[in-house]
Amino acid sequence: GAVVSQHPSRVICKSGTSVKIECRSLDFQATTMFWYRQFPKQSLMLMATSNEGSKATYEQGVEKDKFLINHASLTLSTLTVTSAHPEDSSFYICSASKAGELRETQYFGPGTRLLVL
Amino acid sequence: KQEVTQIPAALSVPEGENLVLNCSFTDSAIYNLQWFRQDPGKGLTSLLLIQSSQREQTSGRLNASLDKSSGRSTLYIAASQPGDSATYLCAVAGSYQLTFGKGTKLSVIP
Numbered sequence: 001g002a003v004v005s006q007h008p009s010r011v012i013c014k015s016g017t018s019v020k021i022e023c024r025s026l027d028f029q030a031t032t033m034f035w036y037r038q039f040p041k042q043s044l045m046l047m048a049t050s051n052e053g054s055k056a057t058y059e060q061g062v063e064k065d066k067f068l069i070n071h072a073s074l075t076l077s078t079l080t081v082t083s084a085h086p087e088d089s090s091f092y093i094c095s096a097s098k099a100g101e102l103r104e105t106q107y108f109g110p111g112t113r114l115l116v117l
Numbered sequence: 001k002q003e004v005t006q007i008p009a010a011l012s013v014p015e016g017e018n019l020v021l022n023c024s025f026t027d028s029a030i031y032n033l034q035w036f037r038q039d040p041g042k043g044l045t046s047l048l049l050i051q052s053s054q055r056e057q058t059s060g061r062l063n064a065s066l067d068k069s070s071g072r073s074t075l076y077i078a079a080s081q082p083g084d085s086a087t088y089l090c091a092v093a094g095s096y097q098l099t100f101g102k103g104t105k106l107s108v109i110p
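So the sequences go chain by chain: A and B. Take the numbering used here: the final residue in the first sequence is number 117, and no numbers are missing along the way. Take the numbering used here: the final residue in the second sequence is number 110, and no numbers are missing along the way.
Worth double-checking, as some hints may not be accurate.
Counterexamples of contact, computed for chain A against chain B with all Cβ distances above 10 angstroms [unchecked claim]:
id, residue
1, G16
2, S18
3, L26
4, F28
5, L68
6, L74
7, T78
8, P86
9, T105
In the SDA-like style, the derived pairs of lysine to any residue whose C-alpha atoms are separated by at most 25 angstroms in a straight line are [as the list claims (entries may be wrong)]:
id, chain 1, residue 1, chain 2, residue 2
10, A, K55, A, K41
11, A, K20, A, V62
12, B, K102, A, L46
13, B, K105, B, I7
14, A, K66, A, R37
15, A, K98, B, I7
16, B, K42, A, V3
17, B, K102, A, G61
18, A, K98, B, A29
19, B, K105, B, T5
20, B, K102, B, E17
21, B, K42, A, V116
22, B, K42, A, F28
23, A, K98, B, Q2
24, A, K41, B, S69
25, B, K1, A, Y58
Hints are computed from structural coordinates only; laboratory data are not their basis. Every residue gets a Cβ at the ideal spot worked out from N, C-alpha and C, and that includes glycine.
Generate the whole structure from the sequences, applying the supplied hints.
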């Protein structure tokens with residue numbers, strides 16, 4: 001199997017606070033993890049790609065100082081939304097690719113719904 | 001830059017009908033194409049993955065085809081059921097990343 005979990009599944013926070021979302025590969029080592037954001041009725045948009053032990057690569061238009069990504073181990077990546085604002089409210093989904101498989105094969109987590117008040 | 005378009009954006013059919021969802025992409029240099037299902041407020045469930053060298057894949061009542069040269073894929077659902085109601089996403093794998101379409105929201109009416 002290739003199971004990816006995310007925690008929390010949903011979070012509500014006040015504007016200006018920071019929120020951390022965890023993404024874990026439960027039964028495999030993930031050489032690369034991806035973070036996506038999905039606004040209502042929109043497609044998933046890649047935010048950043050992270051490899052274990054190195055800095056994340058951010059897509060154009062994604063602020064790296066606002067969306068902090070840490071990929072400290074082969075099974076865990078975290079996304080921290082710093083100083084969250086209502087416009088950051090969205091559905092955040094992570095995915096992971098297995099060691100030994102192509103990066104194009106990704107296993108997706110169940111997503112985290114963030115609501116910033 | 002790869003762009004993925006899904007038509008229609010929404011579709012409503014009576015139970016039992018066969019239906020086709022369409023996906024088109026602009027750059028034919030792809031590794032594979034994948035169809036996902038997404039239920040409201042949930043993550044993605046992979047349905048079918050077609051490698052660039054393949055023409056189609058089948059799983060149960062689902063059949064996906066790929067015409068890489070024309071930049072098109074279709075997802076065929078036979079004998080639709082209310083439980084098939086969801087948003088169906090098409091994703092194209094290029095160089096190290098997936099590009100998603102906006103999805104087709106399917107409603108199957110009992």
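Verification of the supplied hints:
no.	hint	verdict
1	G16	holds, 25 angstroms
2	S18	holds, 23 angstroms
3	L26	holds, 14 angstroms
4	F28	holds, 15 angstroms
5	L68	holds, 20 angstroms
6	L74	holds, 18 angstroms
7	T78	holds, 17 angstroms
8	P86	holds, 19 angstroms
9	T105	violated, 8 angstroms
10	A/K55 x A/K41	violated, 31 angstroms
11	A/K20 x A/V62	holds, 17 angstroms
12	B/K102 x A/L46	holds, 13 angstroms
13	B/K105 x B/I7	holds, 10 angstroms
14	A/K66 x A/R37	holds, 14 angstroms
15	A/K98 x B/I7	violated, 32 angstroms
16	B/K42 x A/V3	holds, 15 angstroms
17	B/K102 x A/G61	holds, 19 angstroms
18	A/K98 x B/A29	holds, 23 angstroms
19	B/K105 x B/T5	holds, 13 angstroms
20	B/K102 x B/E17	holds, 23 angstroms
21	B/K42 x A/V116	holds, 19 angstroms
22	B/K42 x A/F28	holds, 22 angstroms
23	A/K98 x B/Q2	holds, 24 angstroms
24	A/K41 x B/S69	violated, 29 angstroms
25	B/K1 x A/Y58	holds, 16 angstroms
In summary, the structure is inconsistent with hints 9, 10, 15 and 24 from the numbered list given earlier, while agreeing with the others.
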